[in-house]
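Chain A is already provided as a structure; the job is to place chain B on it using the hints.
Below are the chains, spelled out letter by letter.
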Amino acid sequence: MNKWFTTGLLLVAALANATAWAQEGKIQLQTVVEKEQVTVADNGDERVELVPVEKVFPGDVVIYTVTYTNVADQAVENVTITNPISSELSYVPESAFAPGADVSFSVDGGKTFDALSNLTVANEGAERAASVEDLTHIRWVLTDALAPGSRGFARFRARLN
Amino acid sequence: MTKTPSFAVKSAFAALFVAALIPADVLAEGTIAGTDIDNTASVSYDIGGTPVTQSSNTVTITVAETLNVVAVLQSPQVAVSPGDTNAPLVFTVTNTGNGPETFTLAVDNTDAADDFDPVAATPFAFFDSDDSGDLTPADEAYVPGTNDPLLDADQSVTVIVVNDIPAGLANGDIGRSALTATANTGSGTPGTVIPGAGTNGVDAVIGSTGATASASGEYIVSDVAVAFNKSATVSDPNGGDQPVPGATISYQITLEVSGTGTATALVVNDPIPTNTTYVPDSLTLNGVALTDAADGDVGQFDDAGTPSITVTLGDIAAADGLQTIGFEVLID
Chain A
1 MNKWFTTGLL LVAALANATA WAQEGKIQLQ TVVEKEQVTV ADNGDERVEL
51 VPVEKVFPGD VVIYTVTYTN VADQAVENVT ITNPISSELS YVPESAFAPG
101 ADVSFSVDGG KTFDALSNLT VANEGAERAA SVEDLTHIRW VLTDALAPGS
151 RGFARFRARL N
Chain B
1 MTKTPSFAVK SAFAALFVAA LIPADVLAEG TIAGTDIDNT ASVSYDIGGT
51 PVTQSSNTVT ITVAETLNVV AVLQSPQVAV SPGDTNAPLV FTVTNTGNGP
101 ETFTLAVDNT DAADDFDPVA ATPFAFFDSD DSGDLTPADE AYVPGTNDPL
151 LDADQSVTVI VVNDIPAGLA NGDIGRSALT ATANTGSGTP GTVIPGAGTN
201 GVDAVIGSTG ATASASGEYI VSDVAVAFNK SATVSDPNGG DQPVPGATIS
251 YQITLEVSGT GTATALVVND PIPTNTTYVP DSLTLNGVAL TDAADGDVGQ
301 FDDAGTPSIT VTLGDIAAAD GLQTIGFEVL ID
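Just so you know, the sequences run in chain order A and B. Reminder that position 48 of the first sequence reads as 48 in this note's numbering, one-by-one numbering, no gaps. Reminder that position 243 of the second sequence reads as 243 in this note's numbering, one-by-one numbering, no gaps.
Bound-form chain A, shown alone (with noise of 0.2 angstroms):
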């Protein structure tokens, strides 16, 4: 079982909210933050669960999800979402996940961004390779254009430090 996609409930019951976000636009763009929640069942079976945060310990994950839904009555296009990495969190390798998306870091908040491979930041004159500690940004760019009704989701993992 894919342990993303049992958070269907709460995914519905955010957009039956819909009224509540109070955006204006096109897009109607939703952010909830959760931790993992591991339940055993009577069977012995666990059962992880994402449920919503407000109080975090260090060394706690949290993940952000952002929903994204065209409401407009034609398609748009060049979708790119950007999210902020806090300096008290530090991105999960590897956690960053959106369907039909490519995802990409900054380091330099939000100015450029690329592969965090790619990435390098300033170390006494040199050059080193960027760490999860340095992200300032995670951003998806969707791949296709977004039709009219859609929607989908972007989703990463974050440790507070």
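For the record, the hints were derived by calculation from the structure and aren't laboratory data. The structure displayed is predicted, hence computed values, not measured ones. One should not assume that every hint holds.
Listed below are the simulated SDA-like cross-link pairs for lysine to any residue, each with C-alpha atoms no more than 25 angstroms apart in a straight line [as the list claims (entries may be wrong)]: (1) K55/A / G196/B; (2) K55/A / S55/B; (3) K35/A / T189/B; (4) K55/A / V193/B; (5) K230/B / D332/B; (6) K55/A / G30/B; (7) K35/A / K230/B; (8) K35/A / D203/B; (9) K55/A / N57/B; (10) K55/A / G186/B; (11) K35/A / G30/B.
Computed list of chain B residues with no C-beta within reach of chain A, every gap over 10 angstroms [what the hints assert, rightly or not]: (12) I37; (13) G48; (14) S75; (15) P123; (16) D148; (17) P149; (18) D203; (19) V244; (20) E256; (21) N286; (22) A319.
For every residue, glycine included, the Cβ atom is placed at its ideal position computed from N, Cα and C.
Just chain B now, with coordinates in the frame of chain A:
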């Protein structure tokens, strides 16, 4: 012929200094409690050839507080004598949680595996107020419940625990004393949540250390004894051993340290007997000649006032073995 030793032996126990207090490599668990972390996504796109940028809602997570503490002994094993008072042991206590926390300190001397129990002095602990790394009059006494140390995340305090050493102990006996620091907000099973007890009213949770930490220091009874002896051999001009004028007396002084301690600043001084004359350049230490002048070596013959020889041995421990000083005089 054996004479009563007439030279002086000075000895003192090594003073123990903790020269450089090196903080233990312990770091707090990161982001400070009470921090709010906001996150707002944005999206840009083109619709009908027009570029648009929008923001999402903002989500916020708040960093809760973990309660953690580490105690580390800084002193090496402390050499003591039976009956010593206020023998110090130096510890550091570090708040390894992620918020400011107050800690209660306690001392436990009941280690069952050691040879004796040190007796906590009154007061039993001081803060190293002057950062000397040693107990000084400037250091503030610790009174539980009155001046419990308040430490920010990552902050350390140096605590000097003082104990009295009972009388009647044997050389080499070891006694241990443990300092415990416990978070006042709560301690116990890691993971226990204390609602609203953290910084700015966030939840506090007991961290992996259980929010309590102990470190143990050690005293060793280190008496030191210096045994010495002096003997003389006479050689007369006739090939005999009669102490007649013109005969040579060879003196031999032996000195041996026993015990677990170190005799410091040992100096041997021996007057030349009256009616005799020192034989120049006859002074030796362990068979090696020493010059008569007050110079780079440890030996010296001083002709002023009462003539005497002096050998400055310095710090000698049992491991250094027998020390033998020799010199000769002529009977006038």
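Practice task
Please confirm whether G48/B is truly not at the interface, meaning its C-beta sits more than 10 angstroms away from all C-beta atoms of chain A.
Solution key: Label violated. Min Cβ-Cβ 7 angstroms, cutoff 10 angstroms.
Practice task
Over 10 angstroms to the closest beta carbon of chain A is the bar; see if P149/B clears it.
Solution key: 22 angstroms, holds
Handout entry: Outside-interface status for A319/B - nearest CB in chain A farther than 10 angstroms
Key = Non-interface label stands for A319/B: nearest chain A Cβ at 48 angstroms, farther than 10 angstroms.
Practice task
Measure nothing beyond the straight line between the CA atoms of K55/A and G196/B; if it is 25 angstroms or shorter, mark the hint as holding.
Solution key: Holds, at about 11 angstroms.
Practice task
Mind verifying the non-interface call on P123/B? Its CB should be farther than 10 angstroms from each CB in chain A.
Solution key: Label holds. Min Cβ-Cβ 35 angstroms, cutoff 10 angstroms.
Exercise for the section: Mind checking the alpha carbons of K35/A and D203/B for me, to see if they're no more than 25 angstroms apart? Expected result: 17 angstroms, holds
Handout entry: Beyond 10 angstroms from each Cβ of chain A, as asserted for I37/B
Key = 5 angstroms, violated
Practice task
Given the hint that K35/A pairs with T189/B, test it: the Cα-Cα distance must not exceed 25 angstroms.
Solution key: Given pair K35/A, T189/B holds - Cα atoms ~23 angstroms apart, limit 25 angstroms.
Practice task
For the pair supplied as a hint, K55/A and V193/B, confirm whether the alpha-carbon distance does not exceed 25 angstroms.
Solution key: The given pair, whose Cα atoms are some 12 angstroms apart, holds under the 25 angstroms limit.
Practice task
Verify the proposed pairing of K55/A with G186/B, using a straight-line Cα cut of 25 angstroms.
Solution key: 19 angstroms, holds
Problem - 25 angstroms limit on alpha-carbon distance, applied to hinted pair K55/A and N57/B - result: Given pair K55/A, N57/B holds - Cα atoms ~18 angstroms apart, limit 25 angstroms.
Problem - Beyond 10 angstroms from each Cβ of chain A, as asserted for N286/B - result: 55 angstroms, holds
Checked against the numbered hints given earlier, the structure breaks hints 7, 12, 13 and 18 and satisfies all the rest.
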